[in-house]
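> Using the sequences and the accompanying hints, generate a full structural model.
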Amino acid sequence: MLFVPVTLCMVVVVATIKSVSFYTQNDGQRLIYTPFPEDTDTVAQRAVNSILNATIMITVIIVMTLVLVLLYKYRCYKVIQGWLFLSSLLLLFFFSYIYLKEVFKTYNVAMDYFTLAVIIWNFGVVGMMCIHWKGPLRLQQAYLIMISALMALVFIKYLPEWTAWLILAVISVYDLLAVLCPKGPLRILVETAQERNEPIFPALIYSSTMVWLVNMADTDRPKRNSTDAASPQQETADAVASPAPSSLSQDDGGFTPTWVNQQQHQLGPIQSTEDTRREIQEMPSARPPVDDDDEERGVKLGLGDFIFYSMLVGKASATASGDWNTTLACFVAILIGLCLTLLLLAIFKKALPALPISIFFGLVFYFATDNLVQPFMDRLALHQFYI
Amino acid sequence: MNLERLPNEEKLSLCRKYYLGGFAFLPFLWLVNVVWFFREAFVKPVYSEQLQIKTYVKRSAFGLLLWVAVLTTWITIFQHFRAEWGEVGDYLSFTIPLGIP
Chain L
1 MLFVPVTLCM VVVVATIKSV SFYTQNDGQR LIYTPFPEDT DTVAQRAVNS ILNATIMITV
61 IIVMTLVLVL LYKYRCYKVI QGWLFLSSLL LLFFFSYIYL KEVFKTYNVA MDYFTLAVII
121 WNFGVVGMMC IHWKGPLRLQ QAYLIMISAL MALVFIKYLP EWTAWLILAV ISVYDLLAVL
181 CPKGPLRILV ETAQERNEPI FPALIYSSTM VWLVNMADTD RPKRNSTDAA SPQQETADAV
241 ASPAPSSLSQ DDGGFTPTWV NQQQHQLGPI QSTEDTRREI QEMPSARPPV DDDDEERGVK
301 LGLGDFIFYS MLVGKASATA SGDWNTTLAC FVAILIGLCL TLLLLAIFKK ALPALPISIF
361 FGLVFYFATD NLVQPFMDRL ALHQFYI
Chain X
1 MNLERLPNEE KLSLCRKYYL GGFAFLPFLW LVNVVWFFRE AFVKPVYSEQ LQIKTYVKRS
61 AFGLLLWVAV LTTWITIFQH FRAEWGEVGD YLSFTIPLGI P
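Here the protein sequences line up with chains L and X, keeping their order.
Letter by letter, the first sequence follows residues 1 to 387 of our numbering.
Letter by letter, the second sequence follows residues 1 to 101 of our numbering.
Keep in mind that the hints were calculated from the coordinates and are not lab data.
For every residue, glycine included, the Cβ atom is placed at its ideal position computed from N, Cα and C.
Incorrect hints may have been included.
[What the hints assert, rightly or not] Sample of chain L residues at the chain X side, in silico, Cβ under 7 Å:
no. : residue
1   : 41
2   : 43
3   : 125
4   : 319
[Said to hold, decoys possible] Straight-line distance between alpha carbons at most 20 Å, and here's what the computed EDC-like set of lysine to aspartate or glutamate pairs gives:
no. : chain 1 : residue 1 : chain 2 : residue 2
5   : L       : 18        : L       : 161
6   : L       : 105       : L       : 27
7   : L       : 134       : X       : 10
8   : L       : 134       : X       : 87
9   : X       : 54        : X       : 84
10  : L       : 157       : L       : 38
11  : L       : 134       : X       : 9
12  : X       : 54        : X       : 87
Written out as structure tokens, the structure is:
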């Protein structure tokens, strides 16, 4: 059931990459986190630069994660909420504005400011409402997919080649370590959340079904009582009374062991007239399906997972010599990885990092297809030899 | 957000908030309101708050139609006459297509 949203996100990213050339143009702009250029004279220099870039990026991510864990530990919920709010605001308004502009340019369509303002305003406000407050589930899921796709597109545009692949690899390793090692920041985060019986940042996790929040003060039934329709009043009172950082979170409480990996990327000012700061939290880890007395079995996947999956496939479609072959291969690889991860989830019944397996397969398939399969196919086509 | 799990007062309150919110130049919100609460208002068996929800849904639908009419008219006018308006057309344009109109 997570396949559909992941597929949708990837489809959106690949479709955009293929049609809107903006996202594959190299304007020379870089993020401040990847200051070393990759158009250097020697291969060695390029390799060194990309390693440095990746190191800087990963360090930033680690620092941000630690900051987040500390904030959470010392109950600075308002700060975290504000941060999340600002970052989703930026994504929903600014990045979708740029996206729309590029799409209109690509299709050579005239658009006036008035209609544009109405569109962006509606999109943004309804998005904020669905994600941070109450809204129909399908719409919320759709918005989460859209912002993941936007974020992935930004990464594809602004990260130079080798840096991007290196970052993908290193992030998977980091995800693995941070979620599974006893001292990992995310493990600490989740354990803290479990002690306090709180959900973790529901605003940035994709959940496939609706689950109800349970009251912290309700000591008799600490588990979610979502199927109990007979006491809706109590439930809603509970939901309102909970001290969860995000209102009306639809997550399960912190009872199911959840391992969440938050990574915040801070996009500093890019070398253009717009000067924006955006912070996004990504949580690339899968949480286990809820397996208690409830009928609802929601599987949750952090938005960071969406973003990196789509980034891999998007990069593959943008820069591979094998084009659709490679793209499809990476797509299949990621889905297989997701399958395996979900399988492991069912076996171990605790939260697992969703990035490593999929990204590993994706990378292997990408490089293998690009360098081995594609020349083979080309040769076959050249000689009109069908197998 | 599953409407099934909410008590009726909550549903009414949510419908009302979506309806009132739509007045802030948010026809999309009205559309969401109509689609989301349609079943609640018209298909479900009667309950006490249903009448009010019905009114909200109807009014949202009306407001939505109004907005759609206005926007369609404006867009048609703009697209048709943009080239002829010269400077004013360019000033209003967010993206200007290339080539001969």
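> Provide an ascending list of the numbers of those earlier hints which the structure does not satisfy.
1, 2, 4, 8, 9 and 12
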